Amino acid sequence: MSFNGGSVGAAQHPFLRELPAAFVERIARHARERTYAAGDLILREGDLADRFVLIFAGKVALEVVSPERPRLTIQTVGPGEILGWSWLVAPFRWRFDARAVKATRVLEIEAAPLVRALDDDPRDGYRFLRRLVPVMGERLEMARLQILDVHGG
Amino acid sequence: MAADAAPAAPTGAGLFLPRPYTVRSRVEETADTVTLALEPPPGERVPPFRPGQFNMLYRFGVGEVAISICGDTGRSDELVHTIRSAGKITAALARTAPGQSLGVRGPYGVGWPLERAPGRDVVIVAGGLGLPPLRPALFELLRHRDRYGRIEVIYGARSPKDLVYYGELQRWRARADLRFQVTVDAAGRDWYGDVGLVTARLPDARFEPARSVALLCGPEIMMKLTAQALAARGVPEDAIFLSMERNMKCAVGLCGHCQWGPDFVCRDGPIFPYEAIRERLALREA
Chain A
1 MSFNGGSVGA AQHPFLRELP AAFVERIARH ARERTYAAGD LILREGDLAD RFVLIFAGKV
61 ALEVVSPERP RLTIQTVGPG EILGWSWLVA PFRWRFDARA VKATRVLEIE AAPLVRALDD
121 DPRDGYRFLR RLVPVMGERL EMARLQILDV HGG
Chain B
1 MAADAAPAAP TGAGLFLPRP YTVRSRVEET ADTVTLALEP PPGERVPPFR PGQFNMLYRF
61 GVGEVAISIC GDTGRSDELV HTIRSAGKIT AALARTAPGQ SLGVRGPYGV GWPLERAPGR
121 DVVIVAGGLG LPPLRPALFE LLRHRDRYGR IEVIYGARSP KDLVYYGELQ RWRARADLRF
181 QVTVDAAGRD WYGDVGLVTA RLPDARFEPA RSVALLCGPE IMMKLTAQAL AARGVPEDAI
241 FLSMERNMKC AVGLCGHCQW GPDFVCRDGP IFPYEAIRER LALREA
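Going down the list, the sequences are from chains A and B.
For what it's worth, the working numbering labels the leading residue of the first sequence as 1, then goes sequentially.
For what it's worth, the working numbering labels the leading residue of the second sequence as 1, then goes sequentially.
In short, the hints are calculated from the structure, not lab data.
Predicted, not measured: the structure shown is a model, and the values here were computed from it.
Yeah, the Cβ is synthetic: ideal placement off N, Cα and C, and Gly gets one too.
There's no promise every hint is true.
Stated by the list, open to error - Looking from chain B toward chain A, a few residues come up when the C-beta cut is under 8 Å (computed):
| # | residue |
| --- | --- |
| 1 | Asp185 |
| 2 | Ala187 |
| 3 | Trp191 |
| 4 | Tyr192 |
| 5 | Asp194 |
| 6 | Val195 |
| 7 | Gly196 |
| 8 | Met222 |
| 9 | Pro273 |
| 10 | Ala276 |
| 11 | Ile277 |
Claimed, not checked - Label-pair restraints from in silico Cβ distances:
| # | chain 1 | residue 1 | chain 2 | residue 2 | range |
| --- | --- | --- | --- | --- | --- |
| 12 | A | Asp121 | B | His144 | 57 to 63 Å |
| 13 | A | Pro67 | B | Arg147 | 54 to 60 Å |
| 14 | B | Gly256 | A | Leu41 | 31 to 37 Å |
| 15 | A | Arg95 | B | Asp190 | 40 to 46 Å |
| 16 | A | Asp149 | B | Arg24 | 32 to 38 Å |
| 17 | A | Ala112 | B | Asp238 | 49 to 55 Å |
| 18 | B | Lys161 | A | Arg131 | 52 to 58 Å |
| 19 | B | Asp190 | A | Glu68 | 15 to 21 Å |
Stated by the list, open to error - Residues from chain B that keep clear of chain A, each with C-beta distances beyond 12 Å, as calculated:
| # | residue |
| --- | --- |
| 20 | Phe16 |
| 21 | Phe60 |
| 22 | Gly63 |
| 23 | Arg120 |
| 24 | Ala210 |
| 25 | Asn247 |
Turn these sequences into a full structure, and let the hints steer you where they fit.
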């Protein structure tokens, strides 16, 4: 995958908005905007997690697939949200499918230079993780509550 | 009937005496949930009720159970109840066919405090079978639409197959003066809507927290989390209302089956301000 000239709008995404401008500028050099039509697969479970995806418009379904049952959507995410963090965690493979439910516009940042930027300046890395950890916590809590059958009554 | 006119609760013999209503129609909403429209006895009209109140429905020879009223307060010719088959009595009620009779006594309980809503935004959050008790409130709000600010409804269900009032949902979602979000816990590829919890849809809801009234109904854990999220966003705790469910038997605060702390849910509820029950919702045993 090649990345080029995708800095457009990076600083406007809520996830990056409060991070230092120099850091955002650095990682945006390895970003590109992409659009997906409804039904397009954005991420595929098991593929190399080589990019950090920020959603600007549209809706994306996170899906789990198993041989013995139909494909199941477990969450939808939309503008201002991000897709996955598998690019940061070994074995660097996507743990789910992500499919555009409707026309979707995203910014994809190449993982390798992003990780280098996080490693090079631990303060930026810490700030970035302070943005990422709440998203991880929120999704974990959502999963827990779905187990509790919150909508079941 | 105006929502702010409090109908009198049954008194005297009417307190415990069910009236025989006839099932006019039966609609299967989901695999285990039906909506019954009931016709009052000849020459009688449906007693006035407030959105959020409930009736005791009696399947003769089986038993009696509290069910929220789900119809329009503007209709005095029929009562509407949506019933999930979850036990012996509700299963018998749900099986009742058009033309058969049911006993009805009520209405009981306090309703949604719609008198607090004029001039304010209204946020309605329903989970599962929490939508039916909110339906009369929505009818009332829409009937006097110009009295209120924004109306935001968020409805969550286990799956698309568990959504009730499916046709009505389409009409509500098509309205320009109402924002109606629907989300489910999990779905297949044929679902193009949102998947996730109702609380995940709250950030998308447009309302002015300090001048909003919130009405919540659904599983207790859902209401608790939603109330916390609304309060964190700035909705005053005395403007968030929850519809509680307990084992109601007499419906008039005499038998004590539904006692919850200092309150009888049937008489003092089922609708309570979050401010009054927040600590009780945090109890590990209640």
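So which of those numbered hints doesn't the model satisfy?
Violated hints (numbers, rising): 9, 10, 11, 14, 15, 18; every other hint is consistent with the structure.
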